[in-house]
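Undergrad: Based on the hints, put chain B in the right spot on chain A.
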Amino acid sequence: MINREAGVFQTSYSSDMALYTLPLAKITVWVTLGLLLILPLPLMLGNNEHAMSIVNTIALAAIGAIGLNILNGYTGQISLGQGAFMAVGGYTAAIVSSRYGMPFWFGILAGGGMAALVGTLFGIPSLRIKGLYLAIATLAAQLIIEWTINHVSWIGGGAQSSIYVDTPTFLGLAFNNEFRRYYLILVFFLLAYFAAQNLVRSRVGRAFIAIRDRDVAAEIIGVNIFKYKLLAFAVSSFYAGVAGALWTYYLRIANYENFTLGVSIEYLTMIIIGGLGSVLGSVLGAIFIKLLPIVLDLSVIRIAKGVFGIPYESVANFLANFQLFIFGALIILFLIAEPEGLARLWENVKRYFRLWPYAY
Amino acid sequence: MKVSGTMEFFIDLMTNGLLVGLMYALVAVGFVLIYKATSIINFAQGDLVMLAGYGAAVMLGLRGLPLWLMVLILCIGMIALGFVLERGILRPMIGQPLVSVIMVTIGLSFVLQGLVAIVWGAGTRKLELPVPLAPYVVGPVFISPINVVAAVIALVFLIAFGLFFTRSRLGVAMRAVADDQQASMVVGIRVSRVFALSWAIAGLAAAAGGIIWGNMLGASSLLSLVGLKVFPVVILGGLDSIGGAIVGGLIMGAVESVAAGYLDPYVGGGTKDFIPYVLMILVLFIRPYGIWGHETIERV
Numbered sequence: 001m002i003n004r005e006a007g008v009f010q011t012s013y014s015s016d017m018a019l020y021t022l023p024l025a026k027i028t029v030w031v032t033l034g035l036l037l038i039l040p041l042p043l044m045l046g047n048n049e050h051a052m053s054i055v056n057t058i059a060l061a062a063i064g065a066i067g068l069n070i071l072n073g074y075t076g077q078i079s080l081g082q083g084a085f086m087a088v089g090g091y092t093a094a095i096v097s098s099r100y101g102m103p104f105w106f107g108i109l110a111g112g113g114m115a116a117l118v119g120t121l122f123g124i125p126s127l128r129i130k131g132l133y134l135a136i137a138t139l140a141a142q143l144i145i146e147w148t149i150n151h152v153s154w155i156g157g158g159a160q161s162s163i164y165v166d167t168p169t170f171l172g173l174a175f176n177n178e179f180r181r182y183y184l185i186l187v188f189f190l191l192a193y194f195a196a197q198n199l200v201r202s203r204v205g206r207a208f209i210a211i212r213d214r215d216v217a218a219e220i221i222g223v224n225i226f227k228y229k230l231l232a233f234a235v236s237s238f239y240a241g242v243a244g245a246l247w248t249y250y251l252r253i254a255n256y257e258n259f260t261l262g263v264s265i266e267y268l269t270m271i272i273i274g275g276l277g278s279v280l281g282s283v284l285g286a287i288f289i290k291l292l293p294i295v296l297d298l299s300v301i302r303i304a305k306g307v308f309g310i311p312y313e314s315v316a317n318f319l320a321n322f323q324l325f326i327f328g329a330l331i332i333l334f335l336i337a338e339p340e341g342l343a344r345l346w347e348n349v350k351r352y353f354r355l356w357p358y359a360y
Numbered sequence: 001m002k003v004s005g006t007m008e009f010f011i012d013l014m015t016n017g018l019l020v021g022l023m024y025a026l027v028a029v030g031f032v033l034i035y036k037a038t039s040i041i042n043f044a045q046g047d048l049v050m051l052a053g054y055g056a057a058v059m060l061g062l063r064g065l066p067l068w069l070m071v072l073i074l075c076i077g078m079i080a081l082g083f084v085l086e087r088g089i090l091r092p093m094i095g096q097p098l099v100s101v102i103m104v105t106i107g108l109s110f111v112l113q114g115l116v117a118i119v120w121g122a123g124t125r126k127l128e129l130p131v132p133l134a135p136y137v138v139g140p141v142f143i144s145p146i147n148v149v150a151a152v153i154a155l156v157f158l159i160a161f162g163l164f165f166t167r168s169r170l171g172v173a174m175r176a177v178a179d180d181q182q183a184s185m186v187v188g189i190r191v192s193r194v195f196a197l198s199w200a201i202a203g204l205a206a207a208a209g210g211i212i213w214g215n216m217l218g219a220s221s222l223l224s225l226v227g228l229k230v231f232p233v234v235i236l237g238g239l240d241s242i243g244g245a246i247v248g249g250l251i252m253g254a255v256e257s258v259a260a261g262y263l264d265p266y267v268g269g270g271t272k273d274f275i276p277y278v279l280m281i282l283v284l285f286i287r288p289y290g291i292w293g294h295e296t297i298e299r300v
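Same order as they appear, the protein sequences are chains A and B.
Residue 1 is where the first sequence starts when you use my numbering, and the numbers rise one by one after that.
Residue 1 is where the second sequence starts when you use my numbering, and the numbers rise one by one after that.
Here chain A stands alone, though its shape is the one from the complex (with noise of 0.2 Å):
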């Protein structure tokens, strides 16, 4: 059944309204969750945690960025304060299963919660400001909430502001090694990519779009720009709420230093490398971002030890500023050759093959 596109020729509305309805788009996605399902079986046969770690943070951060991507790609508001929405879902996860002893999903809900809770109310002055000046809000967002959680012991758990949680069990299963805890994180992470691809194309994610193309015509055909800037502003916080809050079981600590101005940069990085206004970016960029230190990591230390003769202790320094130099320098590269990011470069890998061998 590799046949291809040659018209829309649906018969029904259940299959037009279908997420994908190209056999070949449903082979392959069933193909991938298959791959994703059985992907720890060869680390696990090697016992490489360290490998499935790695995975594990990339699907965590792609929660994360698909959250940013629809508010900032889908809905053109700005926001610098993911860093810190992602905290208020972690600390508070860490606050109710430590102190209440709730479950960890109860945890991830009441994060998710509060931090779409917290996003709406930052998100209010989206109503009567914009671009830069919303940029700059959500700015202060993210100082105001980073400085809460380091000087109110409550929230923030007093010393070095981290909170300890203990390791989620469910049905007495404990998430105790690296991949059980991917088990856990995919669920999460097929949930919130499903759920914002479905989002992105119902009536709520086209009044998104609407705003973001142009405000002014939205509110003209009937968009309530009121409600639906709130709204991206909550589902954006609630995804950064529960990456959060997963973030905090999987570390087993909730620690401030996750979820840095930093940290907020680092997904706009993600979602413009990988492209804005496309789940799948979101994705791709967050796979570019976390594995683009770790590569670099590698090579240069190969690089030094191998033609240099330098030991890695000489390189360290060096290291971390290096990274953060090709980080900087790889956005503006990406923004001024491919604006549209990593997704547009698979869009046109598709398109190209669409064709193939008969192109023209």
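Derived by calculation from the structure, the hints in this document are not laboratory data.
Just so it is clear, CB atoms sit at the ideal spot from N, CA and C, and this is done for glycine as well.
One should not assume that every hint holds.
[Unchecked claim] Heads up, incomplete: computed chain B residues facing chain A, CB under 7 Å, no partners named: (1) Pro92; (2) Ile94; (3) Thr124.
[What the hints assert, rightly or not] Chain B stretches covered by chain A per the calculated footprint, using a threshold of three residues with CB under 8 Å from any CB of chain A: (4) 96-102; (5) 108-120; (6) 280-290.
[Claimed, not checked] Label pairs and their calculated CB-CB ranges: (7) B:Met185 - A:Tyr183: 44 to 50 Å; (8) B:Val187 - A:Val216: 57 to 63 Å; (9) B:Pro132 - A:Leu127: 49 to 55 Å; (10) B:Ala80 - A:Leu355: 46 to 52 Å; (11) A:Tyr352 - B:Val187: 45 to 51 Å; (12) B:Val131 - A:Ala316: 33 to 39 Å; (13) A:Arg252 - B:Pro66: 57 to 63 Å; (14) A:Asp213 - B:Pro145: 53 to 59 Å.
TA: Okay, now just chain B, sitting in the frame of chain A:
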């Protein structure tokens, strides 16, 4: 520090706050200039300041280089950098969505931070100017001389910019571009040249900021954080008003100094990094265009 609660204590906080505020204003001017002419918020302004600070510190370390020559080289270097940045990475961004433009300056900020640390190491470098250390005592107030120097430089800068924008042809052209790009093109102003010029001037402002802040804090990566502090200042003053940047800087400096003096003992420090942003959020709610900013009325 004086005893808390007395009038002297308040005046002391106020004076030092105002002096620091002028230094904020100096960085804020670079910011406002770019926004005014190109509608771009430059998140890398703090990093330009940092770069200038390192540049100054390194050059002062060279033997036999007189101070005036160092300042001259630094200023020319920063102006040239401003030109290059505008041509190389900002011009391709014309017509791109806002988030891309913001991100490109954030990317620039990372590149500068990484580059500076790779070339000159991450440690703090001393930047010593021939200024006495002992504070002046004016009535009940202690004022450190470097603050006075900073204030003087800031004032000279601000007056010079003020004259430039009202008296010179180029300055008026820049204001015209800020007001309406198309109309300026129609009357024969080369908008691209104005863009480049505003980045060059921002580089110059960064050079001044780098020397002064570098002397206060030492040349280190901390200098780039000064850039973040400038947001509340420019929002309060109005993103496109140079006068606003000065007044905003003064108010913000005074507010954070007074707030830190009175509140720090109760909350355990850090008020300085918190109050300006709270104030900024309030301003954004009540009067988003700031004190003297250009008021755009949009009803959506």
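Undergrad: Next step is simple, just say for each hint if it's right about the structure.
TA: Hints and how they fare:
This hint holds: B:Pro92 has a C-beta 5 Å from the nearest C-beta of chain A, less than the 7 Å allowed. Nearest Cβ of chain A to the Cβ of B:Ile94: about 11 Å, over the 7 Å cut. The hint is violated. Annotation: B:Thr124 was flagged as interfacial toward chain A, and the flag is violated, the nearest CB pair being 15 Å apart, outside 7 Å. By the rule of at least three residues with a Cβ nearer than 8 Å to a Cβ of chain A, the coverage given for the region 96-102 of chain B holds, with 6 such residues.
Check on the region 108-120 of chain B: 10 of its residues sit with their Cβ under 8 Å from a Cβ of chain A, so the three-residue criterion for coverage holds. A count of 5 residues in the region 280-290 of chain B with a Cβ less than 8 Å from any Cβ of chain A is obtained; the coverage claim is therefore met, three being the minimum. In this structure the supplied range 44 to 50 Å is violated for B:Met185 paired with A:Tyr183, their Cβ-Cβ distance being about 60 Å. At about 29 Å, the CB distance of B:Val187 to A:Val216 disagrees with the hint of 57 to 63 Å.
At roughly 53 Å, the beta-carbon separation of B:Pro132 and A:Leu127 lies within the given 49 to 55 Å, and the hint holds. Remark: the range hint 46 to 52 Å for B:Ala80 to A:Leu355 is upheld by a beta-carbon distance near 49 Å. For the pair A:Tyr352 and B:Val187, the supplied restraint of 45 to 51 Å holds, since their beta-carbon distance comes to about 48 Å. Taking the beta carbon of each, B:Val131 and A:Ala316 are about 37 Å apart, inside 33 to 39 Å as hinted.
Distance hint for A:Arg252 and B:Pro66: a CB-CB separation of about 59 Å, consistent with the stated range 57 to 63 Å. The given range of 53 to 59 Å is respected by A:Asp213 and B:Pro145, whose C-beta atoms sit roughly 56 Å from each other.
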